[in-house]
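**Student:** Chains A and B, in that order, are what the protein sequence lines are. Reading the first sequence from the start, the letters are residues 0 to 332 in numbering that gives the first Met the number 0. Reading the second sequence from the start, the letters are residues 0 to 418 in numbering that gives the first Met the number 0.
Rather than coming from a laboratory, the hints here were simulated on the basis of the structure. Any given hint could turn out to be false.
Claimed, not checked - Stretch by stretch, here's where chain B covers chain A in the computed footprint (C-beta under 8 Å, at least three residues):
#1 147–158
#2 182–196
#3 202–216
#4 236–243
#5 251–257
Unchecked claim - DSSO-like cross-link-like pairs, simulated, lysine-lysine; straight-line CA separation at most 30 Å:
#6 B:9 with B:80
#7 B:140 with B:36
#8 B:16 with A:148
#9 A:148 with B:80
#10 B:135 with B:125
#11 B:80 with B:36
Where is the CB? At the ideal position from N, CA and C, for every residue including glycine.
Chain by chain, the residues run as shown.
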Amino acid sequence: MSLLTVDELTITFGGRGRKESRAVDGVSFEVDQGQVVGLVGESGCGKSVTSLALMGLLPSKGVTIGGRAEFDGTDLFTMSPSARRDLRGSEMAMIFQDPLSSLNPVVPIGVQVTEILERHRGLKGEAARKEAAHLLDRVGIPDPTRRLKEYPHQLSGGMRQRALIAMAVACAPRMLIADEPTTALDVTIQAQILELLKELVDQEGTALLMITHDLGVVAGLCDQVNVLYAGKTVESAGRRELFGHPTHPYAHGLLGSIPRLDAPRGEPLTPIRGSINDRIAWADGCAFAPRCDRYEMGCLTGTPQLTEPRAAGHQVRCVNPVLDDAKAEEVTA
Amino acid sequence: MSLLELDGVKVHFPIKKGIFVDRTVGHVYAVDGVSLKVEAGETYGLVGESGCGKTTLGRSVLRLVDITEGSVVLDGTDLAKLPGEEMRRFRRRLQMVFQDPLGSLNPRQNIESILSEGMIAHGIGKDQEERREKIKSILDKVGLPSNALSRYPHEFSGGQRQRIGIARALVLEPDVIICDEPVSALDVSVQAQVINLLDELQEELGLTYLVIAHDLAVVRHISDTIGVMYLGSLVEEAPSDALYAEPKHPYTKALMSAVPVPDPEVEDRRERILLTGDLPSPANPPSGCRFHTRCPWAQAERCATERPQLRDLGDGHRVACHFAEEIASGELALTRPTGIEAVTEGEGAVVEQTEDEAKVPAVLLPADSTTKPDATAVKEKVPSAAEAPGDRTAGAVAKDLDAAGPDASDSDKEQDKTG
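My request is simple: use the sequences and hints to build the entire structure.
**Tutor:** Shown next as structure tokens:
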């Protein structure tokens, strides 16, 4: 059984007379020990909200969460708030996107790291400080003892992200959720952070849920990839399968619209038309249909279901998937 | 002759201190001697990490920041010396597309008003009717409907807003458009639309672009020539393909190897040069080669003392590295007798700081020996030897940086603190 099982998760904002807005509309995936699962999509596809819901960080009012999420056999959404607090930080931890706004600017790094150790591991005083220094050292922050006394603004962007990772791994959680952990960083720093995350997964067997919009990051890191569009998974496959044979027109289009460093120059990109605002409700048909080149009448007869048109385990939500292997041959050639 | 020529451009921001008297206690060397040429009808791409001065350089071309030294020559006119009013009039020929499409459009002005403002300022078009016709034709070129005229910026999506930004530059019929991170605020699928649009417009109107971006893949896609900046100066400049085929400067090599490629086959095979540490502070740049504090190939003597100039290594490939040839031929090994020790994986990336500060301590370790047998990762401790001579305390520099200038990036403070 998987460590984290998410089944038909739906998240709806609004209610009470206001217009409801469904951010996540039935997302299912599993994360195993030592596995990296990616949630990929553009802004507004519901990937960050999913992570917040799993961590229990969404406000209790104005949000309706449906579906199930089981962590190690326990349902996260029916858990008592205090049990949830015990779990959060010790068993499940999260790395946020913007390290500066996720750290308290008026509290030294050391206090912020030891806080977790005190809360979850019962360490106090010198022992907690020693452990905190050890953690900073573990994530590659030089001179950790001095850093503990410093404030977030005194650290560089990469250092802050490392400090956040140190806080996340403080209690050796079994599950890490990383929400765009490298988006705010420069590429050379991004490479350092990704290397660090890889190391954590390889050495500690931590399960990692990686939320990102960067397909390059996914290609290098994730074992299993879920592509989200307008709150639904549109394609889910192993990373080699997905990048080798992108089958949903959206995934196919995304890969075609990224300028690649290793591609021959001069070829125009093949962008996807329109923007994420041009969509229809999933209930009426495929939300991607208005932007899709392979659109046909069948796309508008109710929600398309996940099928496996190409290979077992490669799920695609499309009635007219891209099945020609032109691109695949191109890659292998 | 090139359309746009920059020669030894320097932009230094003073660091002020004191409550009653503004004493200048130092400078942020945001741009420190950049010379480059942009040919008519071509695209010149400037890449670099945040804080390397690429945006400041772009702004200095338009004189949105004052140029401390050097010249910017557009079509025979030195912009650095133009008096204010003449410069204002000259800006018609030099336009800018900004990074944040929402932040750079006035939310209370409708599109017609935004686009006609520049035309009025430069006296283009006799009356509003004529201007409107012109605006309509430009909107059509950038792929916006003509009913956009009476709408406001918030009614558009990110990609459309960036099109408005491009249209605003185009209505003045400029010779050169400076694009500062034109697509970094956009979603991937929309990025491609804007990149293609820039390409099409260049072909149709014969525009010259100076594109500033941190995304190497984007820059490579649209540029004919690429300049790589590090800490205020160009470290490498080459035709786009040559730069990708064989990056010669160690920093470019590291930068290229760090860019993720959306292809697992490539990702698994690649050799990655991991730089550790951060960009040193531009207020206190390292002596000699600015990159020597992070360079995996740094040599003890020359790199720390002598600042390398851009040298032409043939075919327009210019590199500012003393040892570019030796590194390319493999003569210069990564491992050096001192300052580097090999550790096995898992022993930790951080080693104790060596006492010899002139040498850069580095750790060589196989990045992921199980999956990537030939991958090499070079990890290096954040150097403390980076401080240039000066009697200021490092902490003061860090504190001043926020107030010092637009390019005093917060990621730079790290270096000061280690000093």
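**Student:** In terms of beta carbon proximity below 8 Å, does the segment 202–216 of chain A have 3 or more residues touching chain B?
**Tutor:** holds (count 6)
**Student:** At least three residues with a C-beta closer than 8 Å to a C-beta of chain B: is that true for the segment 236–243 of chain A?
**Tutor:** holds (count 4)
**Student:** So if I understand the rule, the pair passes when the alpha-carbon distance is 30 Å or less; does residue 148 of chain A with residue 80 of chain B pass?
**Tutor:** Distance ~48 Å between residue 148 of chain A and residue 80 of chain B Cα, so the pair is violated.
**Student:** Within 30 Å, alpha carbon to alpha carbon, are residue 135 of chain B and residue 125 of chain B?
**Tutor:** Between residue 135 of chain B and residue 125 of chain B the Cα gap is close to 16 Å, so the pair holds against 30 Å.
**Student:** Can the restraint linking residue 140 of chain B and residue 36 of chain B be considered satisfied, given a maximum Cα separation of 30 Å?
**Tutor:** Measuring from Cα to Cα gives roughly 28 Å; hence the hint holds.
**Student:** Is the Cα-Cα distance between residue 16 of chain B and residue 148 of chain A 30 Å or less?
**Tutor:** 25 Å, holds
**Student:** Holds or violated: residue 9 of chain B and residue 80 of chain B, Cα atoms, limit 30 Å.
**Tutor:** 14 Å, holds
**Student:** Three residues or more, CB to CB closer than 8 Å: is that satisfied between the segment 251–257 of chain A and chain B?
**Tutor:** holds (count 6)
**Student:** Between the segment 182–196 of chain A and chain B, see if three or more residues pass the 8 Å beta-carbon test, and mark the coverage as holds or violated.
**Tutor:** Coverage by chain B holds for the segment 182–196 of chain A (9 residues, Cβ < 8 Å).
**Student:** If you count the residues of the segment 147–158 of chain A with a beta-carbon closer than 8 Å to a beta-carbon of chain B, do you get 3 or more?
**Tutor:** holds (count 8)
**Student:** Take a quick look at whether residue 80 of chain B and residue 36 of chain B sit within 30 Å of each other, Cα to Cα.
**Tutor:** Holds - the C-alpha atoms of residue 36 of chain B and residue 80 of chain B are around 18 Å apart, at most 30 Å.
This entry does not satisfy hint 9, going by the numbered hints stated previously; all others are met.
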